[in-house]
Amino acid sequence: MNILVCLKQILDPEIPAREFRVDPAKREAERGNANLVTNIFCENALETALQFREASGEAKITVLSFGAASAEDSLRKALAMKADAAALVINDKSSNPDPLTVAQVLATAIRKLGSFDLVMLGREAGDWGAGQTAGLLAEELGLPCVSFVDRIEQMEGGLRMKRQTDSGWEVLETQPPVVVSITNDEHNVPRIPKVRDVMMSYRQPLTQWTLAELGYDTEDSQYYEVIELSIPQTESRCEFVSGDTLDERVESLARRITEVTSAL
Amino acid sequence: MNDVVICLVNPAAFDRAAQGLAGCGRRLAEQTGSQLKAIVRSPQSPTVAQDAARVVDEVVVLDQGDYQPETALSALGQVCRQLSPNAVLFGNDTYSQEITPRLAHRLGGSAVGDVVDITVHENALRVTRQVYGGKAQAVIELKRSPAVLWTRSRSFAPAKQLSEPGKHTELSLDLPADTPTRIIERKRELQTEQRLEEARVIVSGGRGIGGPEPFNDELKPLAEILGAQLAASRAACDAGWVPPTFQVGQTGKKVTPDLYLAIAITGASQHMAGISEAKNIAAINTDPDAPIFKHCRFGIVEDYRKVVPLLRQKLIALQNSQR
Amino acid sequence: MNPAGATRQIYWNISHIWAMYVLLLPAIAIFAYGFYRQIKRWRRGTPAARFDQPLTRFKLVFTHALAQRRTARNTYAGVFHRFISYGFVILTIATTVVALDADFGTAIMRGHFYLYFQSLTVDLFGALVLVGVGLAAARRYISRTKTLVYTDEATWILVLIAFICLQGFLLEGWRIAATNDPWASYSPIGNLIARVSRPLLSDAALQGAHRFTWWFHLLLSFGVLAWFPYTKMMHIATAPLNIYTAQLAPLGASLKHIDFEKTESFGVNSLAAFTWKDLLDLDACTECGRCTAVCPAHTVGKELSPRDIVLGLRDLMRNDGLTSSPAIIGSIPATSPVALWQCTTCVACMEACPVFIEQMPKIVDMRRYLVMEEAEFPESMQQAITSLEKRGHPFSGTNATRVDWADGLDVKHINDVRDAEVLLWVGCGGALIERNQKVTRATAQLLNQAGVKFAILGRDEKCSGDPARRIGNEFLFEMLAKDNVENLNKHHVKKVVTSCPHCFNAFRNEYPHFGGNFEVYHHSEYLAQLVKEGKLKSISATNKKVTFHDPCYLGRQNGVYDSPRQLVQIASKGAAIEMARSREKSFCCGGGGGMSFVDEPPDKRVNQERAREALATGADVLAVGCPFCMTMMEDGINARRGDQEMRVMDVAELLWEASSSSD
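Protein chains in written order, with my numbering: chain E, 14 to 277; chain Z, 298 to 620; chain U, -9 to 653.
Note that these hints are calculated values from the structure, not bench results. A portion of the hints provided could be inaccurate.
Stated by the list, open to error - No more than 27 Å apart at the CA atoms, straight line, and that leaves these computed lysine-lysine pairs for DSS-like:
| hint | chain 1 | residue 1 | chain 2 | residue 2 |
| --- | --- | --- | --- | --- |
| 1 | U | Lys594 | U | Lys136 |
| 2 | Z | Lys440 | E | Lys39 |
| 3 | Z | Lys550 | U | Lys292 |
| 4 | E | Lys39 | U | Lys380 |
Unchecked claim - Some, not all, of what chain U presents toward chain Z, calculated at C-beta under 8 Å:
| hint | residue |
| --- | --- |
| 5 | Glu143 |
| 6 | Ala144 |
| 7 | Thr145 |
| 8 | Phe206 |
| 9 | Gly382 |
| 10 | Ser386 |
| 11 | Asn389 |
| 12 | Leu422 |
| 13 | Asp589 |
| 14 | Asp625 |
| 15 | Asn628 |
| 16 | Arg630 |
Think of the CB as a built atom: it goes at the ideal place given N, C-alpha and C, for glycine as much as any other residue.
Given these sequences and hints, build the entire structure.
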């Protein structure tokens, strides 16, 4: 089986809210003191791929990323987790490519890397959280798509997958080739690589392309444009519910609670 | 042509989510001077189309049986091509989310998810959504048509009823029988089997609860009313009042609910580390200086023993009035 | 009679002496072979540099092998052990004198020497040996002390020593009786036996019994000699050797560095991966069990037992473990991962060991293997490690920044201060844990009050790496250490003050390896000095009773006990109430070694045990000097206090409350 896993490197989503800043002109978050990390859902995808390989016996796992040169670190970590090959498309053009651009670039790179039975992505990225890339990539590649998967197994003549829904879960059967978006589960927490593998990963080959070398022109590929990015001024003060009597205050509390829960 | 279309995928009823979706669609249709149509795919009850027709100008019912991803997508694609809308709007259920990007691609449009507002700006549609884990908000202008969006439909006001119900059309489509992907099993999970990490509402108790009984006698009924899961801080678990599986915090579960109701919890960092991604935190605590209040959206300084029984009554009353 | 001529006939009543020499040969051969085998085994270990500073090392041997200071910490054991060991020293000298006189023509055992040493002293010390064995046997078989190791070998050794000694007295007594020795009164015990035996045995019987016992005594003694290196008696040789090659650096510097470029396997999962010193440790163990007795994990009922790790590995080594090279982790219950992950790295075990065995580094060596070679370690520790890698601190999920604590205070970043005297190293706990932020604030405010020009690194601070190192990820530790050293050197930092003993230990003992040579102070040391210099004045000392919990990484591991107590004294009108387990005997709070990231079973919590002890002092305040201790002890006290009130406060907070005018 030939498996391809897409990885996105993002700013650490867990930086404290106090330190989060946006650049209103560039319309993206400021780097500040944040570290760069691999998107957790992408890591879940990689972990799912690794476990699939362990269970089914044989598979080649290639990891692919479209991003800044620093995304190499994410790919090296994937190699340390024992992915077999890695490729990086360096984004030297648009600063915040929209999901369609990303999907098209990934599709171009994937076609160049070979033919794959299983293309896996995280369900969304921890920064922009668009959640569109997997579906768009499936369409670009002309492949079916299964979303929110947390488990994949090989079966006679195909793949069986379990995916999460808002009310529970579903089991699907499908035949490769297929694009899958992965969501997190207690079973696909990314493994910690062995230190030796981390050291070795920097000596492994890594394919690298600029957009020009890939033969992709990002001119006019965007289907949307970010007009404004701002941090909403939230009241960091706690609203102590109003009311003169206990009854009134609990009434306010009940209303506030209901406001929140009814929007779910 | 250039209408606004809302899509309901396998709806059980024309519920609050559907009503909000229709409200969102109607607002947009008014802004663009166009009609509002609804595609109802495989409704689980005939009342769905009827209720939809009260608020939209035309209802197209697609009878396709159970949801299968590829056939549903193809069908909706075909219908949308026929209708040629400006915008196709979905709710935030799983099926809608997975259809959105693929449908957009097939229609040559733009796809955006988790939209909380739509405006029109010089003939272009602009949508608003939260990004960066809820820390920021983005306004995005769509460059291609149609806009295919899934929305937080429940947060929109429902559409007003029309004086006359809209048109009703039934469609059956010619689609290939065999698809590469098949759902073979579905399961609805009961609330109580849900994992704490996935709970949307959590009622949590801390050291101030004082003992194991109030968890059962006071907090559990409250949780049931809210459809919430029960959790606890480390202090309560350490004291043996609740099992360790209840523990939320640095060395416990990390939860991401929409509402975390912290009852008699001081809110030390180790506990807060488990709920840093909760969207709304509310607290009941006797100590106005408790650190938890620094992280709350709202709260009450009072003994939980006085608040919780009264709160349960009031919540039930509010829920009843909404039905 | 003229005492100048006093002596005895050496081989009285014994013929065929040649047989003795013949029997001696195999005994010595077997004895030598035993030694040789042990030394050969040790040499299979990896290198270690333990022969520097010979003068210091000899002093250690004198204090601990000869004077047996640590052994005597248990008074009872100290008494009987000294009786037995000194007794044997005297007996050995005496036997040597006999051999010299017998085979080398000397005439040492004559006159006053014969009377006062060879007879009187030897009798007394022989008696002490018997008393010592009796006391040892009473502890072993009557009190049944739990931490001892109960083997047949141990029983046999006691029995043989006693029996051989007794035989010696019988021989002496029967000789005295049969020869009517005029100097009998100089051998009181022999004399006693002679007096008792004379009426019971005829001359012929005496001679016969004497001859029989003499050869029996010889056989037993030669047998014990041959058996010696195969039993724990070997500690007589290995203990002094182990003490000589002991670690001279403070206990906080116990962990080894790894050369990542050259090492083939990280950490230890086979005996040959240990150093020769580690292997010598295994053979030096006297099975006393004190390490396990003081181990905090073991005390609360967990599986961890340092003694069993040492003895288990020793047995493995003796059973061909170095050649067949089996995996040692999990090969015995003592080295199961469960046990290894319970260690708080407090080094109470090393402090207690009378022969200076290094138990904790072996545990960390095995952790290193599990973490770096297998990536198999507790999930909560994995989260801490991942957070360290991604964010430079171990507290995943925290919403605090590294500078939140400084809100409203006059605190400057090092970039904005020229000629800062001191770098205040805040540490992850002090910055990101809400309760500990108050300690950092108190420290900063005190420094400001004293007019100290200090700076912080703010967001440029990264974890010192201590949790990574103790959990076993030496690789990550090195990365963090190198980054920090580079950062501090870039800013030309000379003096560092920190309120975290783990950071303190890392900077003082571990960073020099990476080129970081700083003067490092624990905040209590620096603050105590400021008070001494009159720069901080106490305004209102509290009336409250305060007890102090020595942090392991400050006290036992680095020898700093007094400055925090000085602060308690200044702030509270009285000396700190000492818990029974204090200073170097302090009982760990349970937070070190990565354990503060782990949820222990509710009935086996180290912090609750220490809390119990603190609460029993009846103090109003438990003073601490470490962010981990703060967290663990607050949890522990909360769980155990019932209705009793006890505040947990850092010594800096105590001082600040006493020094600041209330607002």
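Hint-by-hint comparison with the structure:
| no. | hint | result |
| --- | --- | --- |
| 1 | Lys594/U with Lys136/U | holds (19 Å) |
| 2 | Lys440/Z with Lys39/E | holds (19 Å) |
| 3 | Lys550/Z with Lys292/U | holds (24 Å) |
| 4 | Lys39/E with Lys380/U | holds (25 Å) |
| 5 | Glu143 | violated (44 Å) |
| 6 | Ala144 | violated (41 Å) |
| 7 | Thr145 | violated (44 Å) |
| 8 | Phe206 | violated (64 Å) |
| 9 | Gly382 | violated (16 Å) |
| 10 | Ser386 | holds (7 Å) |
| 11 | Asn389 | holds (5 Å) |
| 12 | Leu422 | holds (7 Å) |
| 13 | Asp589 | holds (5 Å) |
| 14 | Asp625 | holds (7 Å) |
| 15 | Asn628 | holds (6 Å) |
| 16 | Arg630 | violated (10 Å) |
Hint violations for this structure: numbers 5, 6, 7, 8, 9, 16, all remaining hints satisfied.
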